[in-house]
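Knowing the structure of chain D, use the given hints to seat chains S, L and U on it.
Chains as they are written, first to last, in our numbering: chain D, 1 to 382; chain S, 383 to 764; chain L, 765 to 1146; chain U, 1147 to 1528.
Simulated from the structure, these hints should not be mistaken for lab results.
We treat Cβ as the ideally placed atom computed from N, Cα and C, and that holds for glycine.
Among the hints, erroneous ones may be present.
[Claimed, not checked] Ranges of calculated distance between the beta carbons of each label pair, as one might list FRET restraints:
(1) Gly-462/S <-> Arg-1119/L: 45 to 51 Å
(2) Lys-238/D <-> Arg-1119/L: 34 to 40 Å
(3) Glu-1268/U <-> Gln-1107/L: 51 to 57 Å
(4) Ser-635/S <-> Thr-1229/U: 29 to 35 Å
(5) Asp-161/D <-> Lys-1398/U: 55 to 61 Å
(6) Gly-80/D <-> Asp-643/S: 41 to 47 Å
(7) Ser-635/S <-> Gly-1503/U: 52 to 58 Å
(8) Pro-1517/U <-> Pro-411/S: 54 to 60 Å
(9) Arg-1001/L <-> Glu-254/D: 43 to 49 Å
(10) Pro-518/S <-> Ser-253/D: 37 to 43 Å
[Stated by the list, open to error] Computed list of lysine to aspartate or glutamate pairs in EDC-like fashion (alpha-carbon distance at most 20 Å, straight line):
(11) Lys-921/L <-> Asp-261/D
(12) Lys-1269/U <-> Glu-88/D
(13) Lys-1108/L <-> Asp-242/D
(14) Lys-726/S <-> Asp-1342/U
(15) Lys-726/S <-> Asp-1388/U
(16) Lys-1108/L <-> Glu-21/D
(17) Lys-505/S <-> Asp-1006/L
(18) Lys-417/S <-> Asp-542/S
(19) Lys-157/D <-> Asp-960/L
(20) Lys-123/D <-> Asp-1342/U
(21) Lys-344/D <-> Asp-1006/L
[Said to hold, decoys possible] Sample of chain D residues at the chain S side, in silico, Cβ under 10 Å:
(22) Arg-237
(23) Arg-266
(24) Asn-318
4 protein chains.
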Amino acid sequence: MSAQSVLAATLVEPGRYELREYPLPDPAPDCVLVKMEMSGICGTDKHTFQGYTTQYGGRQLEFPIIQGHENVGTIAAIGGDGTYTDFEGIPLRVGDRVVVGANISCGQCYYCRHDFPYYCCEKTTDYGNNLSAKHPPHLFGGWSQYIYILPGSFLVKVPDDLPSEVAVLTEIFAVSVGLDRAKQMSSFPSESFRFDDAVVVLGVGPLGMCFLMKARMLGAGTIIAVDLSDYRLEFARKLGADHVVNAARTAKSERLQIIRDLTHGRGADVVIECAGVPAAVPEALEMLRLSGLMVEAGNFSDLGEISLSPHRHLCAKNVRILAVGGEEPAAYGPSMRQMARYQKHYPLREFVTHRYGLRSVDAAVKKSIEPESIKVVLEPWR
Amino acid sequence: MSAQSVLAATLVEPGRYELREYPLPDPAPDCVLVKMEMSGICGTDKHTFQGYTTQYGGRQLEFPIIQGHENVGTIAAIGGDGTYTDFEGIPLRVGDRVVVGANISCGQCYYCRHDFPYYCCEKTTDYGNNLSAKHPPHLFGGWSQYIYILPGSFLVKVPDDLPSEVAVLTEIFAVSVGLDRAKQMSSFPSESFRFDDAVVVLGVGPLGMCFLMKARMLGAGTIIAVDLSDYRLEFARKLGADHVVNAARTAKSERLQIIRDLTHGRGADVVIECAGVPAAVPEALEMLRLSGLMVEAGNFSDLGEISLSPHRHLCAKNVRILAVGGEEPAAYGPSMRQMARYQKHYPLREFVTHRYGLRSVDAAVKKSIEPESIKVVLEPWR
Amino acid sequence: MSAQSVLAATLVEPGRYELREYPLPDPAPDCVLVKMEMSGICGTDKHTFQGYTTQYGGRQLEFPIIQGHENVGTIAAIGGDGTYTDFEGIPLRVGDRVVVGANISCGQCYYCRHDFPYYCCEKTTDYGNNLSAKHPPHLFGGWSQYIYILPGSFLVKVPDDLPSEVAVLTEIFAVSVGLDRAKQMSSFPSESFRFDDAVVVLGVGPLGMCFLMKARMLGAGTIIAVDLSDYRLEFARKLGADHVVNAARTAKSERLQIIRDLTHGRGADVVIECAGVPAAVPEALEMLRLSGLMVEAGNFSDLGEISLSPHRHLCAKNVRILAVGGEEPAAYGPSMRQMARYQKHYPLREFVTHRYGLRSVDAAVKKSIEPESIKVVLEPWR
Amino acid sequence: MSAQSVLAATLVEPGRYELREYPLPDPAPDCVLVKMEMSGICGTDKHTFQGYTTQYGGRQLEFPIIQGHENVGTIAAIGGDGTYTDFEGIPLRVGDRVVVGANISCGQCYYCRHDFPYYCCEKTTDYGNNLSAKHPPHLFGGWSQYIYILPGSFLVKVPDDLPSEVAVLTEIFAVSVGLDRAKQMSSFPSESFRFDDAVVVLGVGPLGMCFLMKARMLGAGTIIAVDLSDYRLEFARKLGADHVVNAARTAKSERLQIIRDLTHGRGADVVIECAGVPAAVPEALEMLRLSGLMVEAGNFSDLGEISLSPHRHLCAKNVRILAVGGEEPAAYGPSMRQMARYQKHYPLREFVTHRYGLRSVDAAVKKSIEPESIKVVLEPWR
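Next comes chain D alone, as it looks inside the complex (with noise of 0.2 Å):
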């Protein structure tokens, strides 16, 4: 099999694209080679993009970079003995199909050994983002035709009944994990997030998208969806939102009185703010009556800063806000079986609205900024 050449979209740098060749590598024990099917294009892809690579707080990225790390393909080579594991114990043979966890943890550090979610490992690395692809066997994302998976990974078995366009959401799908631990973050029964609360959701991009799916499937009551575009509000309504807001379209002050007239004037019981611009924060908060509670999962990248009153903003609310840095590797099983069985309710297939060849990388990632998209995906194997 080696003598073979892979493709690979390489960013090179912000802003430019090159489509590289890489030799086809045999995986080291421990190792597996996965040749790509669909790989989705992210929020902070498109922020390395466009020149925004700080990350986590400080961490710079190293070019070029195979970005990529919603993938979806099937197992080419096993290392080693030939046996591998997925996460949840099924053992895994070549040919089975197979969403790719995004991050390495080391296991070792006080965070991993603490249980603490991966992003806090001090020596997490991630697929398609900062492995670079410098250093051989240089297939770390998954805008390639073959992704090279490393000691320490994971992988999840994709269940027959789920259509690969609808697997490529799973690890964004998986961040709303968050929404999980905010329903144990309760001390007192008032404390949302509760059976049939009102849950606003800021952006309904890929990622608010499937928080409010996920707030649904978790017992929300009503749901509003806010965002810029209309395309996206459209489809927020096929899944399951009840109430949309266009901001693009009215003030700030008429979207607070909006969700007021909607809850009996005592604001939302959450609100999810995953609109990706730091001036949402404050908004979000607003919005949220006495108690309520804020989820933070926007601002994965550094766009700025915010101006917040202590104590209008968090004390006179008694607020609790809730900031979540990323998925879990656990929640990658659940949220496939759960979105297959969901598939009857919710149009999961039409998620994916664009799709590109390797070739067309450019116009992938300009695509997936137009508010006209919700999922753009490329195929490596086109």
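Okay, now just chains S, L and U, sitting in the frame of chain D:
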């Protein structure tokens, strides 16, 4: 009893007290008259005196006001059939020593019916604060020889082994119930507030001092107190602080480094913000380790805004914030019993550092603002 | 209105109903008269009819009793000034359709003051159960043309889009609030009840059926229903069960094997015990995986004892058990709104399978005991 | 170093110890050799000696066994490149004093991957228990001059200010992490374990004694210890019990009355069952108030069944039960640091009441079974 008159320190406008006389009322049914023994001066009292009269995100005070909501006294008369039950179900009699619940909830609004904290009640009123002395029977604060207890209030009997100068701390100690809530806010074993966690208390005025004690009682490990006053820091040590940092003699960057040095470079597991200045909020977040917990209990009055980075301060830290708006009635009894228990370990009788009669109310409030005081009280019987 | 008389099915002793006439009362202040539209027959009603009259671990019933605590009707008259507010703060008027809260709490005892569930109230009373018809105005149950609402009760307005035959399920559906509590009982990510967890419901009478729906609404994965009746199991499938097991045609060992086969050999993550027979308790524990959660909601009347191994059933399994004593007032409104929402997915209008007039109360109760029924109701206006 | 031989007390079958010699091994890569300083005798050790060899709901032990899993010693040699990191990330060196983690988890099974407690691991093994001395290098228990640490184990460095006779309590104290979990199991403010709650500890052998201390450290109010031995009850008082009840001189009905008398007639908020006899389980439930919490940590070996009423003991009490299967690695470090801290308040150095050399192992185990002992240890260097 009715022909008597009652003296009360009355705040006629910000910055100006008058000693006024009021008629001694007979209590109506469901009402009680309490002879005051001791009443604490709270941060809110100082803010009102200084002219910060916006509370709970917008509420305005109506002058004149008899301040004082940290109240210990003895029952002088019970209205109606002469029976009255304390919050925990104990029958009360004339002569019983009680702590007066600081607030009155309506019990009927959405928030009351759904077991929200009292400060969410749509009609919440509170002694010594937003019940104006303009309206009869006038005596709605503790800086008076008698306080008049309205229907819907609650009283809690003081245990015999608890001296009044400790019982007077009950209301403020009860605010630390926020830490009990924090203890339940974990969805992860790794989420604080855990046994042996490193806890920073920013600002050890009386409220911060109570949070510090409570943190120890709930299983904190290393406790670090930060304040501008050596006088307060010395007392914080006596109440269980392992380390103290004088913020008047250190730059913010030095303080952050000290915290990291004491926590294996990771940052504090929990930061409790009681400094009462907005600037302490971003500093508190920066002191936290990844996935840490910030308890915000310092900004009960509106003192301005601060600048935050949603990425750096929130998302990239995977942080949780619990903003605490006040105490809960159910926390009074436990607070008294535990302070009685821990008297043998902590010098709780030294917590009240200065005592004044009603005539010296002006001096008392000024003393309470000085850094060389902990809790300052009025003894209205003097 | 007062000269009229009211017909009510009256249980004069276990096993014997009489149709009696009572005077139509005028409601006193804080009281309400509700014209009954529909009243469900509950497991407790059957047990009382059969002579199991010991409740809440010792309480004895006083006959005669007008049963019926799952009540929907319209407001016929409001006492006092004619104003009345529903539990969620909505003003009510004559003609409004309401669900009647099944219980009255004193609001003053230790348990009420500390926000315990109503069945902990030291003076709890409940309609259709321990309020005897011996005492005027007699009409304290729903199997009557009118029900008399005492002070301290609560009413909840029925949403316009919720048919009465679904609204009648509100009280029993509200008992599934135990699952909301279970959702918060996790100290570990691994502790159930998690998103996508495998849930077994033992016994799908009306209560088990409600727990089954609620489990799905809160994010359950595979749901397995176990019952003696194919009739009920078939309806369980319509409400979302993925698998059903007929306990009349399987041995216990077979059932345990079926559960293991459906859960990768591990056992169920959650078992909800609603079978109403003591023997189901050890079976429920044996169906659980390690660290699983059992919700016990099936033994509201005393039907005997079972044998357990503290080692094998508890310690060695690291299990958690939540015993649910009943519903909560705050669960009524959310239950109604969510049943209204989910009508489009589930055939909730088929839940009520049989309807009877007051004259057929005996036949109605007997039908409700048969396995070929789900919810049986009385329509007192017939 | 290899020519040396090592003495170890070896249990060749229930009831019979032999002092055997084994070759001193060189540690393989990822392995460590620890020179034993002190090893505790645990309840499980006694049960194995007495012939109760069924554990974890079915597992059988393979003889001969070198017992001892509560181990303190110093590092004698490190395999491979000589580097080794303790559980909390601290580099270890020859001569460092460490506590040895009692168990080894596979890290790869479903349970390990999903952050379950170690005793859920599908391949869990534990020192001094199910690692037979039949297999080389034999030294898998602490009642030996040296213990051999296998890959996947964990060591925790002992703080300098913690004497070894306190450090030897680490493993058993760590089991009280169940109380930390209990603290998070509340979905209601009314649900225990709350600040100032009344806590009963049934059985104050070493484990119950640790739970008692932990309850105090986490904010318990009144603590009541129940045991058959005055000797133990006296020590329980020194560790913070407010009341003690000798179960040898009281009938069950008297004990229930004593608990009610101490709790305003309501019953205990929390009962921690550490008696190690099945009959204590129903008594524990009967001691609880409504909505109370029972922690079951006493039946690690199978000692028989008990009879329970699902109605009276569970549903009618609205009770919660947390069964604790063991400790967690993450609890070792906090346990050591907090025991070091609380040495000044509690006489922790008196906890170890008897010390024996390896030659007296038989006498040591018999002493540990007697009521006139707390923790009995072996000092293998004698």
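Hints, one by one, checked against the model:
Hint check: Gly-462/S to Arg-1119/L, Cβ distance near 49 Å, so the stated range 45 to 51 Å holds. The hinted range of 34 to 40 Å is satisfied by Lys-238/D and Arg-1119/L, whose Cβ atoms lie roughly 37 Å apart. For Glu-1268/U and Gln-1107/L, the Cβ-Cβ distance of about 44 Å falls outside the hinted range of 51 to 57 Å, so the restraint is violated. The hint said 29 to 35 Å for the Cβ distance between Ser-635/S and Thr-1229/U, and at roughly 33 Å that hint holds.
Checked against the hint of 55 to 61 Å, the pair Asp-161/D and Lys-1398/U passes, with Cβ atoms roughly 56 Å apart. Checked against the hint of 41 to 47 Å, the C-beta distance between Gly-80/D and Asp-643/S comes to roughly 43 Å, which is consistent with it. For Ser-635/S paired with Gly-1503/U, a C-beta distance near 56 Å keeps the hint of 52 to 58 Å intact. The given range of 54 to 60 Å is respected by Pro-1517/U and Pro-411/S, whose C-beta atoms sit roughly 59 Å from each other.
Hint check: Arg-1001/L to Glu-254/D, Cβ distance near 46 Å, so the stated range 43 to 49 Å holds. For the pair Pro-518/S and Ser-253/D, the beta carbons lie near 41 Å from each other, so the given range of 37 to 43 Å is met. At roughly 19 Å between alpha-carbon atoms, Lys-921/L and Asp-261/D fall within 20 Å of each other, so this suggested pair holds. The straight-line distance between the Cα atoms of Lys-1269/U and Glu-88/D is roughly 15 Å, inside the 20 Å bound, and the hint therefore holds.
At roughly 14 Å between alpha-carbon atoms, Lys-1108/L and Asp-242/D fall within 20 Å of each other, so this suggested pair holds. Restraint check for Lys-726/S and Asp-1342/U: satisfied, since their Cα atoms lie roughly 16 Å apart, inside the 20 Å limit. Annotation: proposed proximity of Lys-726/S to Asp-1388/U holds, straight-line Cα distance about 14 Å (limit 20 Å). For the hint linking Lys-1108/L to Glu-21/D, the alpha-carbon distance of about 53 Å lies beyond 20 Å, and the restraint is violated.
Pair hint Lys-505/S plus Asp-1006/L does not hold up; C-alpha atoms about 48 Å apart against a cutoff of 20 Å. At roughly 18 Å between alpha-carbon atoms, Lys-417/S and Asp-542/S fall within 20 Å of each other, so this suggested pair holds. A threshold of 20 Å between alpha carbons decides the hint, and for Lys-157/D with Asp-960/L the separation of about 16 Å falls inside it, so the pair holds. A C-alpha spacing of about 42 Å is found between Lys-123/D and Asp-1342/U, which places the hinted pair above 20 Å, so the restraint is violated.
Only pairs whose Cα atoms come within 20 Å are accepted, and Lys-344/D paired with Asp-1006/L is accepted, the gap being roughly 14 Å. A cut of 10 Å between beta carbons decides the hint on Arg-237/D: the least distance to chain S is about 27 Å, and the hint is violated. Look at Arg-266/D: its Cβ gets to within about 7 Å of chain S, closer than 10 Å, so that hint holds up. For Asn-318/D, the suggested interface contact is upheld, since its CB lies about 4 Å from the closest CB of chain S, less than 10 Å.
Against the hints set out earlier in the document, violations occur for numbers 3, 16, 17, 20 and 22.
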